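Student: Using the sequences and the hints given, assemble the complete structure.
Residue numbers (our numbering), protein chains in the order written: chain A, 303 to 663; chain B, 303 to 663.
It is worth saying that the hints were derived from the structure and are not from the lab.
Quick caveat: nothing in here was measured; it's all calculated off a predicted structure.
Don't take every hint at face value.
Since the list can't tell identical chains apart, any single copy or any two copies may satisfy a pair.
[What the hints assert, rightly or not] Derived DSSO-like pairs (lysine-lysine); straight-line CA-CA distance at most 30 Å:
1. K657 - K479
2. K402 - K389
3. K459 - K538
4. K402 - K375
5. K458 - K616
6. K375 - K396
There are 2 protein chains.
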Amino acid sequence: MLSQARVNRVIDEMKNRNLDQMLISDPVAIFWLTGKWVHPGERFYGLYISKDKAPVMFINALFQFEEEIGVEKVYFTDTDDIIPILKRYISAEKRLGVDKILPARFLLPMMESRVASGFDNGSLAIDETRSMKDAMEIEIMRESSRINDLCMEDFKKLVQPGITELEIADQMLDIYKSHGASGYSFDPIVAFGKNAADPHHMPDNTALTEGDCVLFDVGGVYQNYCSDMTRTFFYKCAPTEEQKKIYNLVRQANEEALEMVRPGIVIATLDQRARDIITDGGYGEYFTHRLGHFIGIEDHEYGDVSCTNQNLEKPGIVHSIEPGIYCPKANIGVRIEDLVLVTENGHEVLNHYSKDIEILG
Amino acid sequence: MLSQARVNRVIDEMKNRNLDQMLISDPVAIFWLTGKWVHPGERFYGLYISKDKAPVMFINALFQFEEEIGVEKVYFTDTDDIIPILKRYISAEKRLGVDKILPARFLLPMMESRVASGFDNGSLAIDETRSMKDAMEIEIMRESSRINDLCMEDFKKLVQPGITELEIADQMLDIYKSHGASGYSFDPIVAFGKNAADPHHMPDNTALTEGDCVLFDVGGVYQNYCSDMTRTFFYKCAPTEEQKKIYNLVRQANEEALEMVRPGIVIATLDQRARDIITDGGYGEYFTHRLGHFIGIEDHEYGDVSCTNQNLEKPGIVHSIEPGIYCPKANIGVRIEDLVLVTENGHEVLNHYSKDIEILG
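Tutor: Structure, rendered in structure tokens:
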């Protein structure tokens with residue numbers, strides 16, 4: 303059902319950008335506003351919202367649906383010209399916001415037929431609004447991460463002599479489902495030993511060996527919202543002194559960055575703090591990616607936690623904090639990742655899984 | 303290396319559409335023109351061609367490459383603004399063709415900065431040119447389909463008592479590779495018995511049973527060009543009278559439509575003929591899709607063989623002819639598909655695999 307509250311928040315953001323009307327074509331954004339998820343492929347699909355008029359959904363008759371979602375549905379077929387249909391609803395004398403992914407094959411004919419007096423990329427009005435989760439979303443994301451904590455406990459039990467990364471990864475989907483998730487938020491990363499030193503490693507036929515580190519970067523989807531957490535364990539042997547130093551640096555970077563999260567702080571300073579800790583510890587060159595990313599319906603949403611993001615934290619934002627050190631010469635990669643919610647006065651870490659060094663097997 | 307002949311053909315088509323210059327962003331089209339395949343993801347990527355100037359490739363420095371391809375390479379980074387870079391090359395006083403997939407996030411700033419005097423969707427200049435394969439492409443597509451014929455012979459040998467659709471499908475990639483293909487042109491369809499009556503069925507754990515039909519819709523990629531063929535066999539038992547009637551109707555529709563292919567014929571008439579044969583036989587309602595699609599570097603390219611395509615066949619076009627009857631009540635689905643090349647005076651069928659009724663096992 304259409305969330306009038308979310309529509310109103312987007313319209314407020316549109317006003318800040320001098321837009322009275324917008325045609326949204328990103329299916330994820332339309333789901334967020336209406337609760338309805340359609341996969342239009344190459345076909346036109348759009349939700350029109352305006353400060354003066356009721357919202358309208360333009361949808362190919364192939365994707366017809368019965369339920370009422372509080373939005374007028376306008377159907378068309380593959381042989382219809384969509385432009386005159388749009389003209390009946392869009393105010394031609396005003397500018398129109400479109401979103402960043404609208405392809406030229408729709409935008410150019412809209413311009414030629416003067417569907418609006420001008421066209422702007424209005425995506426930020428949606429993306430920035432979506433980044434601030436409302437109470438219902440926060441409740442779901444808390445539960446999604448709670449499920450991820452439970453799954454991590456189960457994943458640990460799969461760590462058995464001689465098992466391969468793929469053999470573990472292949473069992474994870476069922477475990478997510480057994481805890482109430484509908485699927486993965488991304489293909490899980492399972493990496494043993496030196497493989498963990500490649501942050502893009504995908505699970506392969508590498509078998510577990512004594513002395514390996516075991517990295518799990520995993521997330522599930524619960525009621526359409528993603529979780530995302532990373533933990534790094536050790537197998538059979540205690541870590542070497544250098545490995546322990548690396549682990550503790552990553553943990554310190556994770557915890558100190560989390561501790562700083564509160565409304566009003568410049569997001570780039572989180573990345574800076576984590577990077578300083580790891581650099582001062584002598585491993586700066588091995589922390590090769592940004593500190594985190596925003597998350598919600600999509601695993602990676604608009605907004606990153608990097609040295610270039612000068613925006614301020616705002617209540618409702620959820621993002622990852624995931625420092626890492628990838629050090630092939632120490633035969634190890636360590637990443638420790640949690641999701642954190644910005645609250646009115648500070649923050650709430652959504653993952654509760656221990657970060658103590660743990661030796662499995 | 304840039305194919306000047308292909309660029310010239312596109313520029314000829316552009317002239318027919320009053321375009322002197324075009325900015326191409328589809329990575330497949332750029333590969334077809336330059337031999338270089340880049341996967342730019344969300345980043346800007348473009349090939350500029352013009353009737354008056356040398357071609358220029360705009361490419362993120364992340365995708366830098368050494369080899370000379372006969373095109374000036376202009377690199378930029380994630381922090382560069384691409385618009386002033388484009389302005390240095392594009393003639394601002396002329397209209398610019400862009401392609402249909404160019405997203406609003408690039409097109410709108412190009413318009414605002416008046417990179418050109420106007421913007422048109424010029425994709426057809428490329429798509430229609432690409433549909434007419436040149437001698438080199440024809441040679442490769444012939445070989446690609448020859449490989450598919452050889453693979454079909456091997457796939458047939460996998461039909462053993464109790465085997466499942468997935469167990470057969472899982473062996474197909476290695477068979478393609480053993481015959482010199484680099485991979486699939488699409489995930490293979492293997493369907494037994496009633497499953498074949500669903501034209502969108504994907505291989506599952508259904509086990510083979512006596513009396514099943516066995517449908518293989520398969521294709522491989524050879525030197526970047528796709529093959530695509532369907533054959534329907536029977537397992538252990540001869541088909542029933544009704545199944546035989548269905549099979550022979552589909553075969554007749556396939557063969558008569560192929561026979562009509564020649565330059566100058568309206569493409570829709572092929573679909574009409576095949577549909578008439580099946581309808582007159584009493585199974586019109588079970589032929590639920592268009593007769594075929596164009597094919598080349600992509601399995602489905604611009605151009606279809608349907609009742610709405612009033613264009614004429616032209617030498618160099620390659621498309622499928624794939625009538626089918628999907629009849630759950632007769633416990634059968636039959637599709638027979640070949641690729642056909644339009645020649646100067648007629649046609650050449652690229653597949654040579656027998657269409658006689660064959661009982662396996």
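Student: Now, for every hint given, state plainly whether the structure supports it.
Tutor: Okay, the hints, checked on the actual structure:
1. K657 - K479: within (25 Å within a copy, 45 Å between copies)
2. K402 - K389: both (21 Å within a copy, 21 Å between copies)
3. K459 - K538: within (13 Å within a copy, 47 Å between copies)
4. K402 - K375: both (23 Å within a copy, 26 Å between copies)
5. K458 - K616: For K458 and K616, the Cα distance exceeds 30 Å both inside one copy (35 Å) and across copies (62 Å).
6. K375 - K396: Close inside one copy (22 Å), not across copies (40 Å); limit 30 Å.
In summary, the structure is inconsistent with hint 5 from the numbered list given earlier, while agreeing with all the others.
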